[in-house]
Amino acid sequence: MLRSLPIAWRITVLVLLGASLVLGAVSAYSYWSARDFLEQQKRAEIRATAQATANRIETVGVAVEKIVQGLAFSVEDTDPGLRRARVLLRHTVASNEEVFGSGIGYEPSIYGRLAPYAYQPSDIYGSPEVQGANPNGKIVVTDLGRGGRVYQAGDWFQLPVQMRRAVWTEPYYDEGGGNIVMATYAVPVHLGNDPVPVSAVVGGDVSLFWLTRLLEGLDLGDTGYAFLISQTGAFIAHPNQDFILNESIFSVAEARDDPQLRAIGRSMIAGKAGYVAFDGVMSLTPDERSWLAYRPVPSTGWSLGIVFPDREISADVVALSRIQWGIALLGIVALLLVALFIAASITRPLRALDAATRTLAQGALDAPLPQARGRDEIAHLTTSFGQMRDSLRAYIDELRETTAARERIESELRIAASIQMSLVPRTFPPYPQRADLELNALLEPAREVGGDFYDFFLLDNDHLCLAIADVSGKGVPAALLMAVTRSFLRSFARESDSPGEVLATLNEELAADNEECMFVTMFLAVVDLRSGAVTYASAGHNRPFVIGSACGVTQLPRVRGVALGAKAGIVYDEGLLTLAPGDVLYLYTDGVSEAMNARDEVYGEERLGEDLGRLCAGSCDDVLQGVLDVLSAHAAGVEQWDDITMVAFRYLGPPTSGGDGVV
Amino acid sequence: MDVQVIGEVTVVTLPARVDTTSARDVEAEFNELLDGGARKVVADFGANEYVSSAGLRVFLAVLKFMEKNEGRIVLCAMQPFVIDVFQISGFSELFAIAGTREEALALFA
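Chains A and B supply the protein sequences, listed in that same order.
Taking numbering that gives the first Met the number 0, the leading residue of the first sequence gets 0, the next gets one more, and so forth.
Taking numbering that gives the first Met the number 0, the leading residue of the second sequence gets 0, the next gets one more, and so forth.
Hints listed in this document are in silico derivations from the structure and should not be mistaken for laboratory results.
Ideal Cβ positions, reconstructed from N, Cα and C, are used throughout, including at glycine.
Please note that a few of the clues may not be correct.
Unchecked claim - Each computed DSSO-like pair below joins lysine-lysine, with the alpha-carbon atoms no more than 27 Å apart:
(1) A:K566 with B:K67
(2) A:K137 with A:K65
(3) A:K271 with A:K137
(4) B:K39 with B:K63
(5) B:K39 with A:K566
(6) B:K67 with B:K39
(7) B:K67 with A:K271
Stated by the list, open to error - Pairwise CB distance ranges, derived in the manner of DEER restraints:
(8) A:R425 with B:E48: 30 to 40 Å
(9) A:A363 with B:G45: 52 to 62 Å
(10) A:L391 with B:N30: 22 to 32 Å
(11) A:E605 with B:N30: 31 to 41 Å
(12) B:P79 with A:G636: 25 to 35 Å
(13) A:E609 with B:E48: 22 to 32 Å
Just chain A, same shape as in the assembly:
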C-alpha cells in the first residue's frame, strides 16, 4: 500500500511513524512515572490529612477530658451547692468552646433528681437547629431532671456509676439536653460521706455535628470524604447523614458480605493506623475503587477514615497526560509539516523531471527540463536526462535527414528504373508470326540503375537490327543518356544498314558537348534473315558469343571502336559473321561478365563461355534464365551491383527454306 503513495508521502509517513513511536514511548514512560509520583504524593497527602484530622479530634477529646476532670475534681473537693454548681457549669461552657455542654448528674437516691446542665446552642460546636433559634450565643443553664426526666438511665450516668471510672459514651441523641447528637465524657465523683460509691457524675459533651462539619471542611477533592467511627464501629460522622448512629462499619460489611471491610473495621476499632485499597463506605453496596487512610483517636477510642477515590488520584495524572498528549500531538503535527516540506522539496525536482519526461514522451523534445541545482543524485539524474534528451534529439534529427535523403535517392532510383524499363521492348516473343528467328532479352536492373539497355527492330522484312549498350555512370543521368542514345540509334539505324556508320554517327552526336565525359559502350549488329549473314560493329563493348547448334561456343573477334561519346572522330570497324540455322548470337553487358561474389571475384567471360556451352540445348529464354541462375549462384547473396542485360538471338534459317534450326 505504501508503494502506491507518492515518495513525499511515503517519507512523511515513515518519519511520522518513527517519531510517533519514540514520542509514544516517551509519553508512556513519563505517564507511568508521573502517575506513580502523583499517586505517592496523594497517598502521603491523604495520610497526612488523616493524621492531622485525627490529631485535631484528639486534641478536642483530650481537652474535653481535662476540662471535665478538672470540673469533677472541683466538685469533689468543694461539694458546691446547686447555685454554685450552675455557676461552675456556665463558666466551664463559656470558657471552653470545645465543650458543647456540661452537666452534673446527682445520684437520685441521695439528692433526688438533680442534674444542672449548661450548654451553648449558638456555639460553633453547637447544632444548626438550636443555633438558628438562639442567635445571641447565650449560654443556657437548665436541669436534665426537670419535668421528671429519668436522666440516670443514660449511658453518660450509668457507665461511670457502674464502672466507677471515667468513660466516653457512645454517641447518642441527647433529648431534653442539648437536643443534638453528641458524645459525653463522664467522670464519677464521690461527695462527703455519701453511702454510695458514686455520688454524682460530671460530664462534658462534644457535638457530633461539629465533628461532621470538621470532616466536611477537609479538602478531599470532589468525591473524597472522611468518616469517623466509634469504639463499636458505629458511624459518628459521615457524609451520609442516614449512616450516623444508624449504621456501623460492621453492619455495612454485613450488608455487602464484605470480609475486607470487616477486617478494616476490626483494625480501626483496635486503634491501628493503616492505608488500604477498598471500595468505600458511602452506601450499602460497594462503591467505586478507592483508597482508605485511617488513624485512631486514642482518647475517645474512635477511628478516623479518609476515603479517596482512585479515579481522583488518576484525575491529576490524566490531566497531566492530557497536556503531554496535547504537546505530543502538536509535535507530530509540526513534524508532519516539516517532514512534508522536506519531502516535497526533495521530490519537487523529481516531479518536475517527471512532468518534463511526460512532455518529452509525447514527442516534445524541445520542452525545457528543470534546472539541475546542487550536486545530489537528482541533479545528476537531471543532467543525465538532459544529455539523453540531447542525444535523442540529435539522433532523431539525423534519422530525419537520412530518411529524407534516402527517400530522395529511392525516388530517383524509381524514376531511373522506370525510364529504363519503359525504353526496352519487353514483349516476348517479339515476332510470333515469324518462323525464321527466335529472340529473347532480359534486363535485370541493379538497385541503382546502371543504364544498360538492349534494342531490336526490323529494318525491313529481311533485316533485323540488334543492339545492346551500357551507359557509364548510374542513376537518373545514366537513364537519361540511355534514352537519348536509344532515340539516336532508332533514327540513325534506319538511315544506314552499316553498323559502323551508325555507331560513328551516334558517336559524333554523343561526343558533342559531352562535358560530363559520359560514354556508352554498344554492340550493334544487322542480321540478314535470308542468309544468316551478320554485320556488326562495337563501340568498346564486350565481345558477344556465338553458340553453335552443336554447342560449340565462340567469342566474336575484337573490332576496333571506342565507347560512344568519349571522343569525336572515331572510326568503327565492322565484322562479318554468318549464322547457321540454329546458331545463337548471345549479347551481354559487363553486369554479366563482371558479376562479383563475396570474395570480389568476377564471374568472367571464360566461365560465361563454358556455361553457355552447357546451356546451348535450350530455347533463347532457357539460355538467359540459365545464365541468370549461374550468376545468382556465383553472387551467393552479394547484392547485384550493375545491371544484368542479355540478348539471345537464334537464327532459324530463311523462312522459305524451312530450316532445321528448331531445337
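Let chain A serve as the given structure and place chain B on it in line with the hints.
Chain B only, in chain A's frame:
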C-alpha cells in the same frame, strides 16, 4: 591515393579499386591536382586491380582536360584485367599507355 612529384611530372598511384564508390574520390583528387597546375601526369596502375566504367569516365575527363589545356596524361603498369577493360572499351586507343612507370616518365623527358 598517393601523389609523387618527380621533376615536372606528377605521379599518381591509383588505389586497388576504382569503382563507382571510389571514382568520386579519385576524380576529386585529380581535379585538385589539375587545378593546382599539374599538366604532366603519370597514372600508375601498379596497385590497381579493378576499374569500372565510372573509373573510365574519370580518366576520360582528365584526358579531355589535358587535351584542352596542353597537358598530357600517361597510364602505366596496368595489370591484364585492367588492360582488358581499357581495350574492350576502346579507351586504350585514346590514352598513351606505358608498360612501366619509368617508361611513362621517359615519355615526358
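Results for each hint:
1. A:K566 with B:K67: holds (13 Å)
2. A:K137 with A:K65: holds (24 Å)
3. A:K271 with A:K137: violated (40 Å)
4. B:K39 with B:K63: Since the Cα atoms of K39 of chain B and K63 of chain B sit roughly 14 Å apart, the hinted pair holds (cutoff 27 Å).
5. B:K39 with A:K566: holds (21 Å)
6. B:K67 with B:K39: holds (13 Å)
7. B:K67 with A:K271: Violated. K67 of chain B to K271 of chain A sits at ~147 Å, over the 27 Å cutoff.
8. A:R425 with B:E48: 30 to 40 Å: Since the Cβ atoms of R425 of chain A and E48 of chain B sit about 36 Å apart, the hinted range of 30 to 40 Å holds.
9. A:A363 with B:G45: 52 to 62 Å: Given a distance of about 59 Å, which is inside 52 to 62 Å, the answer is holds.
10. A:L391 with B:N30: 22 to 32 Å: Violated - the Cβ-Cβ distance for L391 of chain A and N30 of chain B, about 40 Å, lies outside 22 to 32 Å.
11. A:E605 with B:N30: 31 to 41 Å: holds (37 Å)
12. B:P79 with A:G636: 25 to 35 Å: holds (28 Å)
13. A:E609 with B:E48: 22 to 32 Å: Check passed, 23 Å falls within 22 to 32 Å.
In the structure shown, a violation is registered for the earlier hints numbered 3, 7 and 10, in ascending order.
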